[in-house]
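Sequences are here, hints too, so could you generate the full structure?
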Amino acid sequence: MPPVKKRPRRYDSAKIRAAVLGQYGAVRAVVAELTPEQSALPTRLGDWTVRELVAHIHLAVGNIVTFTAAPEPPSGAALLALEQWPSATGAYAGPIDQDTRRRAAEGRLPQAYEELAGELAAVLSATPDDRRVATRLGAMRFADHLVTRTVELIVHSDDLNDALAPAGIALPYDRDGLATTTRLLADALATAVAGGSVEVRVPPYAVVQCVEGPRHTRGTPPNVVETDPLTWIRLATGRLDWAAALESAKVAASGERADLSGVLPVLG
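Residue numbers (our numbering): 1331 to 1598.
Calculated from the structure, these hints are not laboratory results. The structure displayed is predicted, hence computed values, not measured ones. Glycine included, each C-beta is placed from N, C-alpha and C at the ideal position. Among the hints, a few may not be true.
Derived DEER-like restraints, expressed as beta-carbon distance ranges [what the hints assert, rightly or not]:
#, residue 1, residue 2, range
1, 1355, 1524, 36 to 44 Å
2, 1441, 1577, 25 to 33 Å
3, 1377, 1340, 35 to 43 Å
4, 1428, 1491, 24 to 32 Å
5, 1406, 1577, 46 to 54 Å
Result set (SDA-like, lysine to any residue): computed pairs, CA atoms no more than 25 Å apart in a straight line [as the list claims (entries may be wrong)]:
#, residue 1, residue 2
6, 1345, 1491
7, 1580, 1554
8, 1345, 1453
9, 1345, 1460
10, 1580, 1523
11, 1345, 1435
12, 1345, 1427
13, 1345, 1451
14, 1345, 1392
15, 1580, 1499
16, 1345, 1523
17, 1345, 1534
18, 1345, 1457
Here is the structure:
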């Protein structure tokens, strides 16, 4: 029996807009106080330092303003589905890296963060959900693009926390932003490996079924993966290895099909 096709998840636009502003504000506050030594700290993202990571976040959020200022795509243009966005990002890793390094080399990041804050607030208050924007990956609804920016902010706030832990700096996570990121990455997994033989639980935010095989319909599923939101986000984005997560008891997996090592990460 083929997998049951579910309707795309709908997100609360007001909460998403507040999450973008709130998480960006948390990052902005940290960037304003970074010392040159802290900016030079390594991150878990290859050879990017905190400086490159901060530059990348600025570009990712700044796209909200940039894309909205550009002409709207034709109404007949196909729209990129949210669940497809995570896997599509990998194709643009090279250009994203180049843009990030160029932005980091320009400097003025604390000032740039401050300048963007006002522009961002204005765009978020004035742009309707259904306004189309031309992103690097394809046309999207403005509301959907904001969901992707929420994911970028939460994922990279976690990267910043990892890098800045030696300095005793810890960013908070916006609750709605954390929930949104957890849900979108879970939906992306269910889209990439559709099926109903494995149930992935990330309480309190998400439950999805995935992987081809016998579909579970009632009672306790025979194949279950359960973890917490931050561990799930790290697994889904390649920040944490599946085996390491099992070894450290960050993930509970039961059943012969409950091995997701071959289908993670889902964010390219």
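Problem set entry | Hint check against the structure, violated hint numbers in rising order | 2, 11, 12 and 16
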